[in-house]
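Novice: Each chain, written out:
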Amino acid sequence: MAFPINATIYVKSVAKSYNGLKALDGVSLEVERGEVFGLIGPNGAGKTTLIRILTTLTKPDEGFAYVMGFDVVKEPLRVKGVIGVVHQENNLDKELTVYENLLVYGFLHKVPRLRQKIEYLLEALGIKERKNSLVSSLSGGMQRRLILARALLPDPPILFLDEPTTGLDPQARRTIWDVIRKGKAQGKTIFITTHYIEEAESLCDRVAIIHEGKIIAMGTPDELKSRLGEFVLEHIDAKGRLHQWFCKDQEEAYGFVREKGIPLTIRKVNLEDVFIALTGRKMK
Amino acid sequence: MRGFDWYPVFFREMLLFKRRFFRLGYFLSAMMVPLIYLIVFGLGLGRDIRISSSYSYLGFLIPGLVAMSSMVNSYSWIANSVNLGRLHFKTFQVLLQAPIPLFCVVLGEVLSAMVKGLFAGFLVLLAGLLVPSGISLKAPFWIAFVMNCFLFASLGFVVGMLSKGHEETATYSNFLILPMAFFCGTFFPLERIPGFLRPFVYLMPLTHTNLLIRRTAFDKMALLSWVVLGGYCLLFFSLALKLTKDYDE
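Protein chains in written order, with numbering that gives the first Met the number 0: chain H, 0 to 283; chain R, 0 to 248.
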């Protein structure tokens, strides 16, 4: 089959069902080299299933998926050699130390100059002073940083990050965002799933919105938002119901405020507005 | 498979083993049951029992306890480790996503479980050698001992892959391991098993380990047991490999 030459990740008509329920239903997308691509959607939308397929943990029922040109079903070993994965769960060996976790992972991935790389990443992610601590004694944020360090250890050209910042405090989240930005600056392709809108907007070059196993919109965050307008006016009536009006620019928004003569709040349109407009539901 | 691709998997398990080894609970649990059997059946009840003119009951019991203890320890560690790692801690997925052949993942896990079985078997042997028993440790003993560890480590891997939770792993253990411990020639010769049970007993792999581990030489009479034991090794390892290759979340 024809494979787009620029696509680092190429997914065509992928479907996957669990017990008759469709987790993915004809998903197609392409991610270019060096791009940060976000897959956003509520819990259960199919984000993790797609990541599992792309990282060889699950086989699709239908369709094809390629990573760096390697078929995820037919060439899983080649795929595993070019990816780093941050799972949703903190799947570390909690009875081992920080250093031992990285050492084992480095051996598994045949990382050259392993000990120097471990030292570098411990420093870069601010966990060097916990090098000899048992993982079970680390906070959730520290464990997340360690998982990211682990994924970066083989210096893979592609990173899959499944909800990398869920449950983290703002400082830990910012550290992870910085690492993602540095990865992009180094030319890595980053595929990230999240249900944090601000995360997707601030990090991603392009996003796809997934709902009930289907991609319902795809584009740059600005492109998707511009479908609705630039501003949203909101009013909560006496019964507590929220009313929204989208305006294409500031002039239209002020005109609307004068015309309505009711208390209104104004803010910029975000990706969650796009999701609600497309599905009629809230993201979370 | 490239050379030592299984080694990181093995290395990880050895690090975990080292950490748990120094916990009192692990060491005691590996030792407690066989030691109790050794004291109760060997030194207590078995003091005046003679199995044959050539050796005492202790000489009969100790190789059986080595087989039983190595079976339990090879099996249970890996069954729990694979099951919990797969379903609860999700650490098994890290191994599956490493760029090494799945054969090496299985081999590394099985070899590490064998170390635990061999370790537990050696502890029993050491305790047994402290009392006069007249056992002789010839080549068939060592080969059967190692094959037994490989076989039950592979079976433990299979159970870890098949069971849908920690409780189910314990259920498999109750139905597979416990009956074998008592009926397969650990505590009394197979000739004393009731006739109706004998066909089932001869289907069990531990029976053949117990037959072989007490032999002093390779002879034609034991050939069938070697074939059965080898067959089980091949069967369980192949099954472990197939389940890993077919793994799909």
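Hints in this document: simulated from the structure, not taken from any laboratory.
Just so you know, even glycine gets a beta-carbon here, dropped at the ideal spot from N, CA and C.
Watch out, some of these pointers could steer you wrong.
[Unchecked claim] As a list, the in silico BS3-like pairs of lysine-lysine whose alpha-carbon atoms are at most 27 angstroms apart:
id	chain 1	residue 1	chain 2	residue 2
1	R	Lys-241	H	Lys-58
2	H	Lys-73	R	Lys-244
3	H	Lys-127	R	Lys-89
4	H	Lys-224	H	Lys-213
5	H	Lys-130	R	Lys-17
6	R	Lys-244	H	Lys-109
7	H	Lys-73	R	Lys-89
8	R	Lys-17	H	Lys-109
9	H	Lys-73	R	Lys-137
10	H	Lys-21	R	Lys-17
11	R	Lys-17	H	Lys-93
12	H	Lys-116	R	Lys-241
[Unchecked claim] Which bits of chain H does chain R cover? Going by a derived footprint, with three or more residues having C-beta under 8 angstroms, they are:
id	stretch
13	56-66
14	106-120
15	168-181
16	221-230
Novice: Does each hint hold? Answer for all of them.
Specialist: Hint by hint, here is what the structure shows:
1. Between R/Lys-241 and H/Lys-58 the CA atoms are separated by roughly 15 angstroms; this keeps the pair inside 27 angstroms, and the hint holds.
2. For the proposed pair H/Lys-73 and R/Lys-244, the alpha carbon gap of about 12 angstroms is at most 27 angstroms, so the pair holds.
3. Restraint check for H/Lys-127 and R/Lys-89: satisfied, since their Cα atoms lie roughly 25 angstroms apart, inside the 27 angstroms limit.
4. Between H/Lys-224 and H/Lys-213 the CA atoms are separated by roughly 19 angstroms; this keeps the pair inside 27 angstroms, and the hint holds.
5. Proposed proximity of H/Lys-130 and R/Lys-17 is supported: the alpha carbons are some 18 angstroms apart, at most 27 angstroms.
6. Between the alpha carbons of R/Lys-244 and H/Lys-109 the distance comes to roughly 22 angstroms, so the proposed pair stays at or under 27 angstroms and holds.
7. Note on H/Lys-73 and R/Lys-89: the hinted pairing holds, with a Cα-Cα distance of about 24 angstroms set against a maximum of 27 angstroms.
8. With a CA separation close to 23 angstroms, the supplied pair R/Lys-17 and H/Lys-109 stays within the 27 angstroms bound.
9. Note on H/Lys-73 and R/Lys-137: the hinted pairing is violated, with a Cα-Cα distance of about 48 angstroms set against a maximum of 27 angstroms.
10. The suggested pairing of H/Lys-21 with R/Lys-17 is violated, with an alpha-carbon distance near 44 angstroms, which exceeds 27 angstroms.
11. Between R/Lys-17 and H/Lys-93 the alpha-carbon distance is near 14 angstroms, which keeps this suggested pair within the 27 angstroms criterion.
12. About 35 angstroms separates the Cα atoms of H/Lys-116 and R/Lys-241, which puts this hinted pair outside 27 angstroms; it is violated.
13. Remark: the stretch 56-66 of chain H is confirmed as covered by chain R, as 3 of its residues place a Cβ nearer than 8 angstroms to a Cβ of that chain, reaching the required three.
14. By the rule of at least three residues with a Cβ nearer than 8 angstroms to a Cβ of chain R, the coverage given for the stretch 106-120 of chain H holds, with 4 such residues.
15. Counting residues of the stretch 168-181 of chain H whose beta carbon lies closer than 8 angstroms to any beta carbon of chain R gives 0, which falls short of the minimum of three for the stated coverage.
16. Residues of the stretch 221-230 of chain H lying with their CB closer than 8 angstroms to a CB of chain R number 0, which falls below the three-residue condition for coverage.
Going through the hint list in order, the structure does not satisfy hints 9, 10, 12, 15 and 16.
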